[in-house]
Amino acid sequence: MEKIFQKLSLASASLVFIILIGIFITLFSSSKLAIDEYGFDFITNPDWNKEVPIDIPAISNKSAKVSSSKGEIIDEDDDEATFPKDDVMFDEDDESATKTVFGGLVPIVGTLLTTLIALAFSLPIAMGIAVFLAEIAPKNVSNVVGMAIELLAAIPSIIFGMWGLYYFAPIVADLVGGYQVSLLTAGLVLGVMILPFMAAITRDSMNTTPAVLKESAYALGATKFEVIKDIIFPYSKVGIIGSIILALGRALGETMAVAFLIGSIFVLPSAINDPTISIPVAMANNFGESSGLGESALFYLALILFVISFGIISLAKFYFLKKAN
Amino acid sequence: MRLLINKIFLSLSVLSALIGLSFLAWILITLFIKGLGSFHFSLFLNDLINGGLRNLLVGQFILAGLASLIGIPLGMAAGIYIQEYGHGRFSSIIRDLSDIMMSAPSIVIGAFVYAVVVIPTGGTSGFAGAIALAIMMIPVVINTTDNMLSLVPRELREAGIALGASKYKVIIDIIIKAAKVGIMTGVLLAFARIIGETAPLLFTSETSNYFTLDLTESFPSLTVSIYDLANEPEESSRDLAWAASFILTVMVLAINLVGRFITRTKK
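As they're listed, the protein sequences go chains F and G. 121 is the number that this note's numbering gives to position 81 of the first sequence; each next residue is one higher, with no gaps. 200 is the number that this note's numbering gives to position 198 of the second sequence; each next residue is one higher, with no gaps.
Hint data in this document are derived by calculation from the structure and do not stem from the laboratory. Mixed in with the good hints, there may be bad ones.
Stated by the list, open to error - Only part of the chain G face toward chain F is listed, based on derived beta-carbon distances under 7 Å:
1) Met3
2) Ile7
3) Asn8
4) Phe11
5) Leu14
6) Leu20
7) Ala80
8) Tyr87
9) Gly90
10) Pro107
11) Val118
12) Phe205
Don't be surprised by glycine CBs; every beta carbon is placed ideally from N, CA and C.
Chain F with its partners taken away, still in its complex shape (with noise of 0.2 Å):
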């Protein structure tokens, strides 16, 4: 019986391993077809799902012969932009053989952008936030404002999706120009959604520092705010910088909240408020209707988004979290 349990519960830790691993490999074998037919230029290719035509000399060049002796003229253009496809087509009337091409730069810019935006608007308030719980506010307004805030980060994500783009995004629409949806507004709306998070985790830290060090500071007649930046900080500084990132984390594969407000076109956008799309969207747009090597790019894109958020979760948790404990 001993035996059994200890087994069983060896088994279960096992799983988590087992999982992962299984993550990354079936990520890798799904996106196989895509990675053969790309490599690495997957990643700077912007154009998805786009006709483009192909020259294979062999066909091209023996099929010019054989029209151009019958005297025929020979159409290159190509117009068959619209057939929906997977695959190499040829057209035989046509002589021009097309292929589909998939790229990920436009969501692979589009994450990293909002990302980036999200970052930006919500690390003051976060900050903010830390420092109101963590050394400002009395124990019970900060035990009821922390509660608040916790329940902020307990939402689910398409509440704030649907919030963001009924009643958030056009406020920020009227006041900055361009469009609703676009990657402004999906990244503010994200930023307001990792803000709980990076409060939360931040105040923690704050609150390591021993309060022996503050009330010296406090005794040798320092400001709250020279405490603050001079003891405080300095001290919590590793784990801070590791929650942002943890933050930054979970920023980067954030779904549905994007959905709502990123406007979901394969196009990079040249203005902060265009419209593009980012890789957990793109997943979630078309998965259902791909096959074929767009469903391998699909993988590809969620190959790419798991190594990155992989990569930065454990230098958060590894470097930065460890460090501070």
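For chain F, the structure is supplied; the task is to place chain G on it using the hints.
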């Protein structure tokens, strides 16, 4: 001058807290006004196909419930292993990996389950959705169990073993009992987290307009349907989405408050 800077800084900090609170208030007020405006008790009696939410609510609870049935025992067992059996290296690796898994993008977990469950079984299903949610839940439960067990005093373990109880008896009868409240709270919060999830369900369970208990086909999900409804052009669909969001948020916040209340009274 120093005092002025101090004043400005402190005011900015209070201002940040007010901004944070006003976002919460803004979202909740919006939900109340829009949600209550479209709320009606008949929503609980009709299925989505007839303009109600019954099948979606039942479906979401079944998905989250089934995920809990899978995730809680596995997560607890893993947490117990890390804290009670594991020694050194392996334990700390599992702990770290579980932390990483907790922050993994939920849509990626959806894609994983799509590849390993949906494709081989030939289509979206309630089972696939529950598995995706369970994967989201496991690391949270591991984390709670691990933390709560670490708070149980050593003496309790030693006392149990001194009485001649075998290790698993000590774990089940003494340690788990001592950490029960903390673990329950954590599990409750984990449940609140997964019941509001949308992304991992999009292409695993999908959703359905009809009432069904058959877990082998596309399964009604409240959150996925909110997403669909909110993007419909008709006003009536969006009103229904608001009513559903209102119900979902009230549920999630209520579970959270209960969880916090339990912890507080225990302290």
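Now for the hints, and whether the structure bears them out:
For Met3/G, the interface hint is violated, the least distance from its beta-carbon to any beta-carbon of chain F being 10 Å, above 7 Å. Here the hint on Ile7/G is kept, as its CB sits about 6 Å from the closest CB of chain F, short of 7 Å. This hint holds: Asn8/G has a C-beta 4 Å from the nearest C-beta of chain F, less than the 7 Å allowed. With its C-beta approaching chain F no nearer than about 4 Å, Phe11/G sits inside the 7 Å limit, and its interface hint holds.
For Leu14/G, the shortest C-beta to C-beta distance to chain F is roughly 6 Å, which falls under 7 Å, so the interface hint holds. For Leu20/G, the suggested interface contact is broken, since its CB lies about 9 Å from the closest CB of chain F, more than 7 Å. The interface hint given for Ala80/G holds, since its Cβ lies 4 Å from the closest Cβ of chain F, which is under the 7 Å cut-off. Interface hint at Tyr87/G: satisfied, since its Cβ lies 6 Å from the closest Cβ of chain F, which is below the 7 Å cut-off.
Residue-level restraint check for Gly90/G is violated (minimum Cβ-Cβ distance to chain F is 13 Å; threshold 7 Å). Taking 7 Å as the C-beta cut-off, the interface hint given for Pro107/G holds, the closest approach to chain F being about 2 Å. About 6 Å separates the beta-carbon of Val118/G from the nearest beta-carbon of chain F, less than 7 Å, and the hint is met. Proximity of Phe205/G to chain F holds as hinted, the smallest CB-CB distance being about 5 Å (cut-off 7 Å).
Consistency with the previously given hints fails for numbers 1, 6, 9, ordered from lowest to highest.
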